[in-house]
Amino acid sequence: METLVAQKAACYHCGQPCEEDAFKVDEKDFCCFGCKMVYEILSENNLCEYYTFDKNPGITLRHIPEATFSYLDEVAIRRQLLEFDSAAFARVRFYVPNIHCISCIWLLENLQKLQPGVLKSEVNFSGKTVRIDYNPELVSLGKLANVLASLGYAPRVNLTKESRPVAPASRQLVVKLAIAGFAFGNIMLLSFPEYLGLNESDVTLQRLFSWLNLAIALPVTFYSGQEYFTNAWKSFRQRQINIDVPIAVGLLALLLRSTVDIATQSGPGYFDSLTGLVFFLLIGRWFQSKTYDSLAFDRDYKSYFPLAIQRWAHGEWRAAVVYDLEPQDLIRVRNMEIVPADSILKSSVAFFDYSFVTGESKPVKAGAGELVYAGGKLIGQPVELVVQKKTAQSQLTSLWNEAAFQKSNESVYKKIIDRAARRFTWIVLALALATGVFWFYYDTANMWLVLTSVLMVACPCALALATPFTYGNMLRVFGRHGFYLKNADVIERIASVNALVFDKTGTVTHGASTITFNGVLSPQEMGWIKSMVATSTHPLSALLAKQIVEKSDAAVTDLKEIPGKGIQAVIGGKHIRLGSAAFTGHEAHPATATRVFVTIDGLARGYFEIETLIRPEVKTLVTRLGNKVKALVSGDQPTEASRMRSVFAQPVQLLFNQSPHDKMNFISNLQQQNYKVMMVGDGLNDSGALQQSDVGVAVTDDTGVFTPASDGILAGPMLGQLDSFLRLAKKSTLILKTGFAISFFYNAIALSVAMSGFLTPLIAAILMPISSISVVGFTTLAVNWVARKEFKLNP
Amino acid sequence: MLIIVLLISISLTIAIIFLAAFVWSMRSGQFDDTYGPSVRMLFDDKKKKHTPTPKDA
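Taken in order, these protein sequences are the chains called A and B.
If you count the first sequence from 1, position 669 lands on 668 in numbering that gives the first Met the number 0, and the numbers rise without skipping.
If you count the second sequence from 1, position 49 lands on 48 in numbering that gives the first Met the number 0, and the numbers rise without skipping.
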């Protein structure tokens, strides 16, 4: 580790570039106050080994919203979360998405050195969970979660699904796979005499092998292949045909025919084909679940609300689950907490940040008696509110509920595989019938033999494998390039997209801003202002602090922050005020952009004009997408209309002042005109639109931020590649169809052999695996080749 | 003839024992986290010493 003091030092804790060296401890640079604090906690407790396992292992606290976990101490919530509870011993498993390296494991497993009362903690790295044994007499659950959060490992508490243990379903799948593989191998060994044509020499031995094969194949059919039978039965009862029906019929035909062959000593049976089939099918299923697991993200919108709020009950403030709130309940909301339900403000004045709802991060002022909507985040002093509506009925949740429960657009899609399976099944049934009729007149004795052969080889194993391997591989390709999809079906829907709608805030514009100062300030005065804004957590202050280059060592005294107005302080003997025009004594003008005014010693000195920055790659992207781009929708004022027009040329509609509901309606209008709409947005304020659209894409510059209504999450810097993703999705549908064609080709050969009555176990044993392997090989190679070609220019 | 039957039964028995061992290890959760244990064994037990000197920044 060399000590290169370049212009920008990397934060010792999280490795991000430091904008300034204001935070310096023990000769080490830190990018923010949070990182510095974590370092100090660790060094105080002699835990600095954390930094030796991995370079800059920490998680920046910059983007992590402040959250309080005290609500976990409420009895009902506690009981739901704890795996074990007694007076002096309790066990909890937290899901901590931030676990990412060796240092994380080390720190989290040394929690007992940091927090008295922790007995033992163990990390499951793959599951990103930490299991903590602790003494509830010494430390409460809420305190424990707060300690984790203060280190940057905030647990994601989710009461509807609780913490997520490793799914036993995936374990079971591996066991099934192991048994099928075991049986496949052993049956092939025992069939060797058969393959080599040694059957005349020793008939008893051959019979023994056959019965052994039968014994080994039984658990494969009924344990490993169980799901195909139950699924087929289910879909049969719903009078639908999915891919599992012909598979189940094929497996059953193989088993019965082989058993009859062995019992009547007329042949060795087809057990190698049967077990091989199940083995390959399960590999496909395992691959699919593996891909999904790695991409799984929690779609549960409830995890966004802080789940409990302080309610006045029995003469004291107690934490209550938000869904238990009743109208007229008196609640207390603290700084940075979200108002859980539409309520009337009791305190005299308060400021709410509605960026969750409207995308506007400027706090809105509310006075006593005013209605405050759910989803607003309180900035500043704690306030008391009287609940007006139950949480489930309030404006925001109704939007979310609408989004969460009406997944109409997902079920309307008949998946390609189901369509193919239905056609396939009918063809096979027709062929089997025709063959049966033909052989009935031609050679009645052999009719059943030929008929079962037809059903056996028609088993669409390769067909079933084509989908998981094509889409699974494509999901990986997308994921590698910063586009995370909810599941494989999304690719199919992306392929059909022919209209795109963009959101403005956070999508077309990036959080960073260009700031210009209109007026005259000396470098020294600029430095003072930097010192001032650095003390404030206001979003505008943060932007200014980042942008101003000048520094000042002068002490800041008499600092006062008046929420919603500005900051005032005395620096270097000068009385400085920063903030709104009224607060600083400037004349108010109708503004086209956000302004922060400066007054020094009562003299108006000018203002900062803060403008959001348009992502540079958007313009070329829009050009490349051409007439697919239909509109830009925004919840903001139309102050930036002309700038947006320069990016989105004429036929594109520019819509401002759109409420979340307007955005949603706009999308559904487009859909009524038979467009398949992709909505590209940023967060909760357009969650309804994201859900309503055929494909909802959330753009994020910090993948830790999760948008529940979206079908996919696109990393901000990759937005410019959106057209590549659209093309790739189209190509994967093509690859999938080619895979189907290959599978049908093999099936046609096998069927013609079977129908003419020449199918021997050997031919079946060769044909069936070859078709599966060639389909898997083709789809995997094709997907990777297409993807490499697409991303060759910009990997 | 008899020797073949014997050999086959022995080989199958052994194979089934290994299969059972695998199924057991899977069920008991030994494959749930394949990364954690490999690094956990490398962590030293810390001695009680107050010298917080991580390497340079």
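I should point out that these hints are in silico values taken from the structure, not numbers from a laboratory.
Even for Gly, the Cβ is constructed at its ideal location relative to N, Cα and C.
A hint or two may mislead.
Have a look at the derived ranges for each label pair, beta carbon to beta carbon [as the list claims (entries may be wrong)]: (1) B:Leu-41 / A:Asp-661: 23 to 31 Å; (2) B:Ala-19 / A:Leu-432: 39 to 47 Å; (3) B:Ala-19 / A:Gly-266: 43 to 51 Å; (4) A:Ser-579 / B:Leu-41: 54 to 62 Å; (5) B:Leu-6 / A:Leu-195: 49 to 57 Å; (6) A:Lys-736 / B:Leu-1: 52 to 60 Å; (7) A:Thr-759 / B:Leu-11: 25 to 33 Å; (8) B:Ala-19 / A:His-660: 57 to 65 Å; (9) A:Ala-87 / B:Leu-11: 17 to 25 Å; (10) A:Ile-772 / B:Ser-10: 54 to 62 Å; (11) A:Lys-550 / B:Gln-29: 53 to 61 Å; (12) A:Asp-323 / B:Leu-41: 46 to 54 Å.
Please name the hints from earlier in the document that this structure breaks, with their numbers sorted from lowest to highest.
The structure conflicts with hints 1, 3, 5, 9, 10, although it agrees with all the remaining ones.
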